[in-house]
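Trainee: Starting from the two chains in their separate frames, assemble the complex, guided by the hints.
Line by line, the protein sequences give chains A and F.
Residue numbers for the first sequence, in the numbering used here: 1 to 512.
Residue numbers for the second sequence, in the numbering used here: 1001 to 1218.
Among the clues, some could well be false.
[Claimed, not checked] When the alpha-carbon atoms are kept at most 30 Å apart in a straight line, the in silico BS3-like pairs for lysine-lysine are as follows:
no.: 1; chain 1: A; residue 1: K504; chain 2: F; residue 2: K1213
no.: 2; chain 1: A; residue 1: K426; chain 2: F; residue 2: K1129
no.: 3; chain 1: F; residue 1: K1182; chain 2: F; residue 2: K1206
no.: 4; chain 1: F; residue 1: K1213; chain 2: F; residue 2: K1068
no.: 5; chain 1: A; residue 1: K493; chain 2: A; residue 2: K331
no.: 6; chain 1: F; residue 1: K1068; chain 2: F; residue 2: K1182
no.: 7; chain 1: F; residue 1: K1087; chain 2: A; residue 2: K493
no.: 8; chain 1: F; residue 1: K1182; chain 2: A; residue 2: K287
no.: 9; chain 1: F; residue 1: K1068; chain 2: A; residue 2: K504
no.: 10; chain 1: F; residue 1: K1167; chain 2: A; residue 2: K504
Note that these hints are calculated values from the structure, not bench results.
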Amino acid sequence: MLEYYLAGGGLRLAQTIIYASIWIATGCVIAAAFRRMLGREKVRRIFGNDTRWGLLAGWLVGMLLPVCSLGVIPVVREMHRAGVHRGTIVAFGLTAPLFNPMSVLYGLTLSDPIAILSFSLCALVIVSVLGLIWNRGLDTSEVVEEELPCPGVKRMVAVFHSATRELVGPTLLFLSIGILGSVILAICLPKGYLTDQVERDNALAPLVVAFIATPIYSTPLLAMSQIGGMFQHGNSIGAAFSLLILGAGTNLGLFAWFGVTYGVRRVILLFILLAVTTVGLAYAIDKPLYPEGVEPAGHSHAFDVYTHPFDPGYEKDMARIATVKANDFWKANEFGGTYVLALMIVFGIVFVFVERMVDLQAWFTSDPGKNSNGLDRDVPGWLLGITVVAGLIAASVAGCYLYYPAPDDLLGDMQNVNADAVLAAKHHDWEAADKWIGFSDDLSRRLEVGVFLRRGSVGEFQVAKARVYREKLDNLKQAVDTRTTEGIEDLAKDVMTSYFQLSKSFRNIDGS
Amino acid sequence: MSRLNLPKRMFVLCLSMICTVYVIGFSGCQKTSANANSTSTSNGDSSTTKKLPKLRFHQPRTFDLAVKRVREIFEFAISDEPMPAPKTFRVLEVVHGTGAAGHSHYYLAKNGEEPQEPEDDHGHVTTDKKIHEVNVDVATEMIDIFRWLPEIAATGDMGESDWKSAKKHANEVKDLIEAAAKSNDDTTWRNSIKDNRDQIESAVKKLETLSAKPSSQD
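Looking at chain F on its own, in the form it has when it is part of the complex (with noise of 0.2 Å):
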């Protein structure tokens, strides 16, 4: 069978993207840096601190207690109070390993005390450990509850009919403030809700009405 021709000069080149191919790839196996969405202290002198992940402290157990939660922050914000402090939470990061084999475990404090890592005995070596404060404000937890709604609905023992009904209700509150909620400014947000107010307070009541009802499936 006849040979497809390859000048020397095209493998050299081939063999020189290869190989930096494999040096880029090298070098993006090491834990990338990024911006902090939190203060934190180490126990390390690592230079490099990692973005957390987004990790769901404020996300309320139960349906009920999140429909709660979000009528709270709904009369809060169309009244004329100030702005409550972000909530914040201390969150313990443990990292084991080091380079593309590292990962993190994180352990959120409970109850004001300091966050602890539990004992266990997987056998990998702790290279470093963090505290990082994580904080809250209301518009960012009000948004969050929102877009977990459907998902904390289908952790109970709601109805497939009334689970369609709260997803729907979250959701059209969630398109009415998300803009809002991004734009990280206080005013903004509390004039969205206020904007907005008889439609989220529709909403924010057929979602108590479904939360009163007792537990069924159709």
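Bound-form chain A, shown alone (with noise of 0.2 Å):
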């Protein structure tokens, strides 16, 4: 028993911190951003500090940055020691981890466009309503301004060290508690959790997802892909929105946060205000967002990655199928991710060391010299600000024509996941089934992506062909799943048929 735990929790950490990593980097490095490029003068007027737009800048720069719900936390805590409004906090820090570019196009292929839309509608009501009421009783206590480090080398160096210290101080705590509490819940809910329970007809799903998602981690690529699949499996809309709102837009982490920073009653009433907003208007979308012509499944395999991964009865060798599993996963999901986290915190114990015989400030802020070179410039803040906005949208578009490629270019990858698979299937090497039926679901979900980005829209004939190959890749996987060997060569047989249809539809695409 004790293996099945620390197996599976073990997994799962691995797992959370694979995914997470590029995003907590990337959140560590906007907050030293804010901190040491812009100032927080700046940072307040960017977020309406003194408008009545707080809130809504608040949801559209969330919108814009590439941060998940553990790497908004560093970003809040800059927001905080910057004077930003509370309220404008709560809709940056929920809205950040829903929605970036990426993953709302990635939503608007899998669903309805009205379905996605309508989501990211709700989630401005949601943070505006809790950003009104938290707003109440403004801060009137004084923020103190830190000299902005001089430009050149030195604000390089100071963003830099920014950076790195934010991970080796209290935002690692509050990360720590966001990881460990998703990693808990996963080996507490036994594999197969909410598997049946997540249908239409399920009057109380909202509210079961809106229970358990709480403590969750995820991605907002990887909570799109789930919507997405409980659309497409005909389960509860609103317990899909319960999942994205509170599964991906919050963690025990970042509630640990507001509760230090805004005091534990505070924090239980902005959990209450949250969930109860967000139940309610699950179940105000869950039947008019239902989509048509959808047969319920009866199950779900949204949650398979939030439980344990290995089922109770099944104690053979648990430690060394998770140490594989850990590996596969770094191989298909690393993307340099772990690395630079990794650098990062050598480097900021390296500059906790430095700190007590440097005073790095001082250096930072003090006289940079003559501009020697001549090649220095200063450039006015505006200027740097739409360079900063236009670059943010520039890799936001090029990361979604890099993750989403043309058909053509996956079709090849595509085909020998498929074989991998299929190949598996057929050798009853289930957990290689497993594993590499999970990526051909995903790759075709992107083929049909990565033509909507290229030509605006997804023809009804390769929509239908991609959603047939789906369905044979489910079969399959529920005979993995049960180990069951009867029928599994034609069930494999069946894949492969649906999936060289599936390519020629694709390439003929241009044809028609």
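Mentor: Listed below in structure tokens is the structure:
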């Protein structure tokens, strides 16, 4: 039994860190940029402190910045230090983990566009309500302004210093709470939890999911793929909404920070308000947004990644299997994030010791001396701002095109992955089959998004082919999950056949 | 920074609300009892029955078979023959686990045999087994086939333009007979088919033409 919990917890811990690392690093860099490049006064201005548009600014900036519910922690800490109104902090803190250009694009192709737009607007309603209530009793204490580092190399070093120090300070504690909360929930929930509980005819589904989802950690893309899966399986739309807002949008670390900063009673109030508004809206949109023509599948896989990875009765060599799965997961999902995060933590520790010997803040702000090479220029703030926003948008667009490649590029990879899934199933290599089926499913969705991105729409014929392919994959997955050998050859053959048709339909897309 | 004042009473009220939510949440984690849409017998003493998900026992495997079947049903509907008995499917539901971690697997009986649970090795504990008898009448079968026709066509080799044509004709008929199929009244359903006989005949003929075409991509 101990091995069951350790192996399962270890695997979920590794997966969470791999998922979160790049987003956490990004959040630390954003926070450092706020502090060292913009300064507190400009941060307050960006977030509309002296205007009525603060909440909207928090929502808009949150929609643009690529952070998750863990990566947002260093950013909200910096916003608090800068004196941004707490309502705006709440609006930003809850919006940023939910949506970014890549996840919105993904969501638009998985569900009816109106559903994703409705989810976005409902999120705006939630953060607005919370932000307005939270803004009552506005702060009147003065914020201590910090001198900006001198332009040039010193400012770059200062940004790096702040980003890395963030990771070896209190932020690390809140991140740990968030990660451990998700891991502990995972090992407490047995495998298959909520598989059958989120059907549309379960009136309590949105409430049950809201209850479970809060400690969950999920990235915006992962959450959006699960939302799409729930739409396509005909699951409860209200439950999908609860999963998005409370699952992807929050975690225990974020609430811990709110509690430490604003008081335990206030964070309880925040949680209640958030839960009540989320569940209320979930019930409100549950029936109207239910997709037409979709038959309930009777099950959902949306919660598989948040539950224990092993069956309680399946005790064969769990530690080894957990290690193999973690390794496979790392190979498939690691894009340098863990290295970056590890390096930042190392440098953060180094800076802790350096600060004991050298007054870095004084060095950052000391006289830079004359512009000896004549190349340095003062860039006006508005130009810098426009460049940053344009750069963010350009990076998002480029990221979308990279993550969702053109069909011809992606189909090559997909052929190999599909073949691996089919062969693994035929050879009864269940772990491998489960892994490759998951990859195949993901690639089939990215295929549709890639077409949508480049053409503005996906043909209904191609959508039908993709849907059939995923249905065949789902049938195969069910047999793999239950280790059923009878009929698995036929199911694998169905997958292969439907893959060929899918591939043909997407390769011919320009000719149609 | 100034603090938001929160009276003690409000705090207690908020805490009570949280507890209430969690209690409801826990209770919601149990399987809901819903109206059974089939008769069932159980090996356990479970007093709750779970509504079967829509399992497509009567879905034809290919587009050709689907078109042949809708032709059969259509010819029957416009005749004066008495309604045939609904098709009965025997399904074995194997329940693994309990509570919210519980889930079911469904196995259809083949060719008059008793439904069997295949051997599997995934370590779940079987907590209950139930045999369901699911009845499908011809009205339900017909509307379901027309609803599934685009998807069935997509599993084959049909080209894009033919597929779009098949979808269009299937949806035409579906829109005509959907309301009557939901009425659960044989006479209403039959009258609806007869009233729209020409349109349905035309749509079915076009589907048969598509079925007869050799498979090709455009």
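Trainee: If a hint holds in the structure, say so; if it does not, say that too.
Mentor: Going down the list of hints, with the structure as the test:
Our distance criterion of 30 Å between C-alpha atoms is met by K504/A and K1213/F, whose separation comes to about 19 Å. For the suggested pair K426/A and K1129/F, the alpha carbons sit about 28 Å apart, so the restraint of at most 30 Å is met. In summary, the hint linking K1182/F to K1206/F is supported, as the alpha carbons are separated by about 25 Å, within the 30 Å threshold. For a cut-off of 30 Å, the pair hint linking K1213/F to K1068/F stands: about 14 Å separates their Cα positions.
Note on K493/A and K331/A: the hinted pairing holds, with a Cα-Cα distance of about 28 Å set against a maximum of 30 Å. Between K1068/F and K1182/F the alpha-carbon distance is near 23 Å, which keeps this suggested pair within the 30 Å criterion. With a C-alpha separation of about 29 Å, the suggested pair K1087/F and K493/A falls inside the 30 Å cut-off, and the hint holds. For the proposed pair K1182/F and K287/A, the alpha carbon gap of about 19 Å is at most 30 Å, so the pair holds.
In summary, the hint linking K1068/F to K504/A is supported, as the alpha carbons are separated by about 27 Å, within the 30 Å threshold. Distance hint between K1167/F and K504/A is fulfilled; the C-alpha atoms sit about 19 Å from each other, no more than 30 Å.
The structure shown violates none of the earlier numbered hints.
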